[in-house]
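With chain V held as given, fit chain E onto it using these hints.
2 protein chains.
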Amino acid sequence: MTERLFNFSAGPAILPEPVLEAARSALWTFEDSGIGILEHSHRGAYFTRVIEEAVANCRKLAGIGEDYEILFLQGGASTQFFMAPMSWLGNGKTASFVNTGTWSKKAMKEANVFGDVHVAASSEDENFSYIPTNDEISWQDNAVYAHYTSNNTIAGTQFTSIPTPPSSMPLLCDASSDIFSRPIDIGAHGMVYAGAQKNLGPSGIALVILRKDLIESANEGLPSMLQYRVHAKAGSCFNTPPTFGIYIMGEVFKWILEQGGLDAMAKINSEKAAILYDFLDESEMFRGTARKDSRSNMNVTFRANSEELEASFIKEATAAGLPGLKGHRSVGGMRASIYNAFPTKGVTALVDFMKSFEQKNK
Amino acid sequence: MTERLFNFSAGPAILPEPVLEAARSALWTFEDSGIGILEHSHRGAYFTRVIEEAVANCRKLAGIGEDYEILFLQGGASTQFFMAPMSWLGNGKTASFVNTGTWSKKAMKEANVFGDVHVAASSEDENFSYIPTNDEISWQDNAVYAHYTSNNTIAGTQFTSIPTPPSSMPLLCDASSDIFSRPIDIGAHGMVYAGAQKNLGPSGIALVILRKDLIESANEGLPSMLQYRVHAKAGSCFNTPPTFGIYIMGEVFKWILEQGGLDAMAKINSEKAAILYDFLDESEMFRGTARKDSRSNMNVTFRANSEELEASFIKEATAAGLPGLKGHRSVGGMRASIYNAFPTKGVTALVDFMKSFEQKNK
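Protein chains in written order, with this note's numbering: chain V, 1 to 362; chain E, 1001 to 1362.
Isolated chain V, as found in the complex (with noise of 0.2 Å):
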C-alpha cells in the first residue's frame, strides 16, 4: 500500500483515516447488507439510518435546535450562492454582504442577477488581508439579509466574531472552509451554508442549516429543487440525494465527536495553525500575509523574499512529500491549508522543511 502524504490542498482536501477505512468497507458492503454503500436505495432501510444518524450527529455538534433545518444539497456553494438570493430577493430588494474576497464577490455577483447587492464593509483596499472590524461594517438598514464569508481560503483570513447585523436581519454564512473547525452560535445565523470539500466530506455535496420560518418565507414558483422548502419536506430526499457524501458526511461527524467535538476541534486547530504562524513571524524568508488579528487557522498564506524562491520552495517541498502548497493562481505565493483532518506533524514537517530550506538558501 502506497504511503500517503501530507497533503496541503485547500480543497478537495485531506479527509481523516478512519473515516476512509470504513469508506473502504462499506463500498464493497455495508455493514451486513451484502449491498455496497453506492448501491443502496435511498429510499431503504439502511440508507435511510444513514441520513438520520448523520443529521442527529450535526444537531449534536453544534447545538443545533428543531428550529433550524438540515438539509444536503447538490451543487456546492457555488448553488447557495444564488439558490438564496432566489428565494428572497426580487425587485427593488437588497441583500447586504461583507466583502472579504473572491468567495463573497461569487456570493454578490449571483445575487445581483435577483436583486440589488449592496457592500457593507469590504477589505478590497487591502488586497483582502484582513476582515473588517463590526464598527467598519455598515448593513444597509432594509435589507433582506446579510452575508458574510467566515473564512477566506485564498486571503488566509477568517472572522474571529460573528458579525452583527440589526436583530430583525438574517445573517447568511458561506462557512465552507472552516465549517465545524470550531463552535458556531447556529442561533445568531439564518442560514449557514458550505460546500464539504474542505473540512466536511468529498466534493459534490453542500451542507445547509436553515432556520425554518425563513423557509416558509422563500418565493414560491420556482423549480421544484431550487426550493428549500421542497427539501426540507421530503428530509433532503426530493430526488436521489448523493448518497455517497451524506454517509462520509455523517461519518466525519463521528469522528469530530470523537476528537471532543467542535471546544476540542477548535484547540486541535488553533494549536496546530500557531506552529506554523510561530515559524512565519520569526523567519527572516518567509513571511505570512494575512494581518495578524484576521488569520485564519484553516488557510495558513505565506511568501517568500522572492518569486524564484517561491518556485523553488514549492516544487522541493512537492518533491519532498508535501504536496498541495502553492497559493491560489489568484494570488500566487503559498498556501498550506490545514483543516480539521490534517494532523498536527504534517505541519510540524512543514516547519522542518522550511527551516532546513532558508538555512539551505541563506
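Rather than coming from a laboratory, the hints here were simulated on the basis of the structure.
It is possible that some hints are incorrect.
[As the list claims (entries may be wrong)] The list that follows gives simulated cross-link-like pairs (lysine to any residue, SDA-like), each with its CA atoms no further than 25 Å apart:
1. E:Lys1233 to V:Asn112
2. V:Lys93 to V:Asn142
3. E:Lys1106 to V:Ala218
4. V:Lys106 to E:Glu1216
5. V:Lys106 to E:Lys1355
6. E:Lys1106 to V:Asn219
7. E:Lys1292 to E:Pro1343
8. E:Lys1109 to V:Phe238
9. E:Lys1093 to V:Lys93
10. V:Lys212 to V:Asp185
Just chain E now, kept in the frame of chain V:
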C-alpha cells in the same frame, strides 16, 4: 468479507465489482499519488487526467463527435428537468413532450415554470404500460424542442426506436435508466442526459451530452451554475465538481469498453432480460405488466395473482438474498432492475426462486 447479494434496486443500483475494487484502492491513495481520490484537487494533474479520460471514453463508447459537449453536472436528472426549459423556453414558447410516466410528468411540470408544455403523446390511458409508436406522436410544429424519456423505470417500458420530431426541432432525451445499455444515436438528439445512479455510477452526478449550437442559443442572464455555457467553457470545473462521481463514471466507461462496448452490452442485456420475460410468459402465477412491444430490458415489472402472494414473495425473496424487488410505491407489484452491472446469474437465481415459489404456493 461479507458476501455481496444480487441487488435488484432501481437506483442507486448495483455497480460492476471491478469498479468497486478499483475505487476501494483509490480511496486510500489514487495510483502512486499518496493522496486518496476524494482528496485530490480538481485542478491538479491527477484529477485533470481522470476527467479528460472520462470524456474521451464517453465519446468513444457512443461515437460522440466534437459537435457535442460532454458535461458532468450536479443535481441529477431533476436539475436537467428545469435547467433545459430555463435555457430555451420563455414566455409564449413551447416544448413538446411524450408522456410515458412519472419521470416525463416531472420534466413537464418543471418546464411549465418557464413556458408552455405540449403533450405530443401519452400512454397514461393504459397506466403507462406501453410506449406510443411514432405514428401516435403528434409534435407541436412550433415547439422549441421535443422531449422523451427513453426508459420508464417505474412502469418498466422502453423505447425501441428514437422518436422523430421535425428535423429542425432539437430532441431532448432523459436516458437516466437506460443510458449506455445499448447503442444510442447521439446525432439524432440535441441533448441526452442521465442521472448516474442506474447505469453509470453513484448518485449525485448527471451526464449531459449537449449539441454545441444549443449551448450558444440558450437564454442569458441566468445564475452562472444554471448556464450550460459556463460549465462547457470550464470543462465541468466552473465550481468544484463531484470528483468521486466523475472518477467512478470514468471507471464504468472503461468497464463497458472492456465488455465490448454498447453493442455487446445490448446483447448481454437483451439475453439477460429474456430469461426473466420468458419465464413470466409461461408462469401461471406471475405476469409481466408492460405491453410486450414496450418491455424494458432494464426494469422488468411484474405482478403475482394476489397482493398477498406479492407480499410473501417480496419478503421471502429478500430473506433468500434477492433484495430490492418491491415495485415503486406508486404502482405496487414487483420490479427487477437489471442494469448493465447486474449479472446474468442473478437473473437466473431470481427465476429459480420464482419457480420454486410458484410450485410451493400452487
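Checking each numbered hint in turn, tell me which of them this model violates, lowest number first.
Those not satisfied are hints 5, 9.
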